[in-house]
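Going letter by letter, the sequence shown gives residues 1 to 329 in my numbering.
Think of the hints as simulated: they come from the structure by calculation, not from any bench. Incorrect hints may have been included.
Stated by the list, open to error - SDA-like mimics (lysine to any residue), calculated; alpha carbons at most 25 Å apart, straight line:
| # | residue 1 | residue 2 |
| --- | --- | --- |
| 1 | K148 | P197 |
| 2 | K99 | G69 |
| 3 | K289 | P197 |
Just so we're clear, the structure is a prediction, and the values are computed from it rather than from any experiment.
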Amino acid sequence: MIHSVVNSIQNKRILLSPLNWGLGHVSRTIPIITTLLENNNEVFICCDNEQELFYRNYFPELWYIPFQGYPFHFRGNGTWIIDILKRFKPLYNRFLKEKNEVEQLIDKFHPDLIISDQRFGFRHTQVRSIIISHQLNLPVPSWNWIAKCWNRRLLKAFDEIWVPDTPDRRLSGNLSKGLTKNVSFIGNCSRFKEIIPSSTKKYKYLIIVSGPIPYSKQFIELILAKFNDVAHLSALIASQELLAELEYPAQITYFSNPTSSEFEQLLHDSEIIISRCGYSTLMDLENTKHSAILIPTPGQKEQLYLAKNNASHANWEMLTEKEFLKKVF
1 MIHSVVNSIQ NKRILLSPLN WGLGHVSRTI PIITTLLENN NEVFICCDNE QELFYRNYFP
61 ELWYIPFQGY PFHFRGNGTW IIDILKRFKP LYNRFLKEKN EVEQLIDKFH PDLIISDQRF
121 GFRHTQVRSI IISHQLNLPV PSWNWIAKCW NRRLLKAFDE IWVPDTPDRR LSGNLSKGLT
181 KNVSFIGNCS RFKEIIPSST KKYKYLIIVS GPIPYSKQFI ELILAKFNDV AHLSALIASQ
241 ELLAELEYPA QITYFSNPTS SEFEQLLHDS EIIISRCGYS TLMDLENTKH SAILIPTPGQ
301 KEQLYLAKNN ASHANWEMLT EKEFLKKVF
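Generate coordinates for the entire structure from the input sequences, incorporating the hints supplied.
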């Protein structure tokens with residue numbers, strides 16, 4: 001349930017933009033946008049083409065403003081921090097350019113409110129600016145205090161911080177600790193409600209492939225390496241770009257960019273979810289009540305922490321890639 005702080009926003013013109021890191025940042029803004037629209041707000045979404053395609057499944061009537069994402073580039077060998085540091089200059093340049101573009105958007109649309117999902121440059125000093133983030137405390141070693149301080153400085157530049165979790169930090173754990181001023185815990189931000197299970201499941205497993213390339217490609221290759229020997233009927237969701245490159249066992253039915261109703265039907269028809277351990281995925285699973293096998297991306301500190309923090313969850317099994325390959329299905 002979305003917290004009252006979101007419900008309190010009424011009759012406003014709002015600019016909203018999510019980070020282009022997979023589609024998790026997009027999906028978790030969907031219940032927020034829904035609540036804003038229910039309260040007679042006008043929402044303009046600033047996003048790239050892939051994000052717009054996803055959003056239009058839920059909000060075909062909204063105004064979409066083309067907005068460039070951050071130039072992330074990963075080698076796929078687990079060295080996330082090194083990859084980001086090597087791209088620091090173009091990432092920082094995009095951050096500066098983004099701030100200038102927001103200035104132009106304000107002159108054109110005259111918003112009452114700005115909402116950013118993890119985009120640090122999407123704010124303005126003259127317009128109330130809110131950032132959605134569960135990473136108030138970066139999952140890096142204590143000696144890396146520069147990264148922690150930099151992250152907090154960027155967050156504090158916003159007027160408010162919305163944490164998509166409950167006040168007891170049920171899912172985010174220590175990630176959402178460290179800041180208290182102007183911080184609101186707005187509850188689980190999943191686009192799904194509890195899924196009423198089908199009495200006869202069509203699929204034993206529903207495999208959800210997400211995240212930035214090349215890690216999403218490596219995950220789908222891991223799945224196929226395992227499922228060549230798995231007889232259960234299963235469904236797989238991935239982007240068309242990934243699906244076009246690979247061959248699939250006959251027992252796997254694959255879907256590219258399913259609509260919201262198609263996705264919910266797949267959840268309804270599936271017994272167990274297999275996915276990476278991303279934060280938005282955990283929020284979805286918490287709402288749908290599915291059993292899940294979750295495999296954190298190697299080297300991705302946030303997912304490794306989330307797997308450890310939620311290892312005792314009754315419905316979820318956390319496995320490394322090696323453990324997953326050895327598991328008997």
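Tested hints:
1. K148 <-> P197: violated (42 Å)
2. K99 <-> G69: Between K99 and G69 the Cα gap is close to 13 Å, so the pair holds against 25 Å.
3. K289 <-> P197: Cα-Cα ~9 Å, so holds.
In the structure shown, a violation is registered for the earlier hint numbered 1 alone.
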